[in-house]
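Q: Given next are the chains, with one letter for each unit.
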Amino acid sequence: MSALLQVENLFAAYERADVLEDVSLSVERGSITCLLGSNGSGKTTLIRSILGLTPPRRGRVLFEGADITSWPTHRIVERGISCIPEGRKVFPRLTVLENLRLGAYLERGPEVIAKRLDRVFAVFPQLDDRRAQLAGTMSGGEQAMVSIGRGMMSAAKLLLVDEPSLGLSPLLVKENFAVIRRINEQGTTVFLVEQNVHQTLSIAQRGYVLSKGRVAVQGSAQELLENDRVRQAYFGQGAPR
Amino acid sequence: MSIIAQYVMNGAMLGMMYALVAVGFTLFFGVLDVIQFAHGDVLAAGAFAALAVWLGLTRLGVASPALLLALVVVAATVATALLGAAVARFLVLPLKGAPQLNVLLVTLMMGTVLRESIRLFYPGGSQPQLFPALLPTSSVALGEFNLRIDNVILLAAGTVLIAGTSLLVTRTRLGLAIRAVAQDEETARTMGVDFRRIVLLTFALGSALAAFAGVMDGLYYNEIFFGMGLLLGVIGFAAAIIGGLGNLYGAILGGFFFAALQTIGAVALPFASAYKDVFAFGVVIALMALRPKGLIGERTSERV
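From first to last, the protein sequence lines stand for chains A and B.
The first sequence begins at 1 in the numbering used here and counts up by one.
The second sequence begins at 242 in the numbering used here and counts up by one.
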């Protein structure tokens with residue numbers, strides 16, 4: 001396997017609390033790689049830096065070997081990175097269909113878009129019945145489906161998934177993890193950011209634990225599960241969540 | 242009866258102009274949360290560009306009224322679209338992240354620069370300029386009321402433009418991107434939307450609509466002057482606010498609502514019609530006090 005995404009010696013800050021100090025990691029092509037860490041460990045800043053939303057102060061982001069550091073976000077997305085953002089971020093006053101359509105914004109062929117819509121509706125039949133509903137009027141669980149479906153609409157090579165389990169019931173979390181695994185099996189590399197250690201490590205092959213802006217531990221999912229420091233680093237901020 | 246028909250027609254013409262201006266304000270606010278206070282003066286610049294092109298073409302010997310009209314409208318539209326996009330590119334986007342009051346101030350000053358430039362640099366610009374009648378001036382008698390053909394054409398064209406804008410915003414890929422940027426700029430960018438491009442296109446679109454309002458104003462009154470954008474800008478802004486800033490249909494309704502107030506002020510009230518603006522703005526102020534968020538609240542309606 002080769003690295004699809006490489007982060008090299010990244011320094012960045014977003015809203016003061018969430019700082020990265022010299023973070024290096026790589027995501028292998030075809031893998032599910034996870035990033036664990038508590039709030040304020042720098043996860044959000046890392047995702048934002050990769051997407052060009054928060055330009056890093058130092059360091060590089062390489063995608064398929066090309067330096068995409070501080071590119072405009074839409075060009076990074078064009079290059080093949082898409083995301084399922086933290087907090088779902090559906091467009092509240094757009095319909096379900098319009099939200100999904102935006103996921104395939106860069107795709108212009110109507111047949112291709114129709115095909116991808118079918119794929120989303122096959123996974124989330126509930127959305128098929130509610131195409132015309134405004135996303136803002138849906139429940140949190142339904143919005144999560146829209147958000148994940150929207151991520152599936154792109155033809156991205158790398159999908160960044162930011163805390164998909166946040167605020168969802170255990171059953172929905174389980175379903176969503178199954179969907180993420182399915183997306184991966186269909187050929188999309190996944191970089192999964194999570195706080196939910198056990199679920200995450202059960203589907204990921206490799207992982208990194210971020211603590212106070214640094215990579216504290218890295219290794220295979222198995223190694224992370226067995227690592228004493230994982231719990232320690234994970235609960236590094238004190239109160240367990 | 243014919244007097245009433247006359248006033249309704251006049252109100253419809255004014256309402257159409259105001260709606261066209263208000264749609265611009267609402268579009269700009271939608272994508273960038275800013276008030277572009279030079280909008281009215283961009284309109285005036287468009288009207289003067291139209292006049293200048295007409296003068297040039299007639300000197301070149303172009304005589305066909307239809308061709309003249311088409312070229313004049315195209316010139317005004319292109320000029321304002323470029324001007325509006327330039328305002329966005331060089332004044333508004335660089336101030337992104339700065340306090341909104343700064344954008345307001347900068348565009349207000351830009352408006353003054355445009356207005357004064359027309360006054361100083363357009364030949365005879367300090368005086369009102371005669372605007373040519375490019376539409377047929379004939380009329381159809383409906384009982385005692387004479388329905389002017391040029392007015393009908395202007396209203397129809399305005400309706401087509403507004404309907405076209407609405408379709409563009411609600412049915413096209415560009416419109417989808419505009420609405421996505423309006424609701425959540427950052428997430429829109431992560432969908433691959435080129436934010437800057439959408440902002441520039443939105444400003445070009447809104448400004449082009451204002452150009453049409455400017456030409457319409459010139460054709461209707463047969464006269465334009467350098468300060469024409471001031472009142473039209475304030476009224477268009479008021480209309481957009483009445484309709485709930487950011488709401489496309491609200492802005493259109495707001496434009497016609499304001500024109501209706503002016504018409505009522507001119508016809509139905511026991512004082513001279515010169516007080517129509519005082520009356521209309523007075524009502525708007527009272528409405529603002531009663532419903533601070535606009536008559537059609539943004540929360541319950543679909544924002545652009």
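It is worth saying that the hints were derived from the structure and are not from the lab.
For clarity, every value in this text was computed on a predicted model and none was experimentally measured.
Heads up, a few of these hints could be off.
To be verified - Among the chain B residues that face chain A by a calculated CB cut under 10 Å, a handful are: (1) Glu-357; (2) Arg-420; (3) Gln-424; (4) Arg-430; (5) Met-432; (6) Arg-437; (7) Pro-533; (8) Gly-535.
Stated by the list, open to error - Some chain A residues flagged as far from chain B (calculated, every beta-carbon gap over 10 Å): (9) Leu-25; (10) Glu-28; (11) Gly-40; (12) Thr-73; (13) His-74; (14) Ser-82; (15) Arg-108; (16) Val-112; (17) Pro-125; (18) Glu-223.
Ideal placement from N, C-alpha and C gives every residue a C-beta, glycine not left out.
Q: Hint by hint, work out which the structure violates, then give me just those numbers in ascending order.
A: The structure conflicts with hints 1, 7, 8, 12, 13, 14, 15, although it agrees with all the remaining ones.
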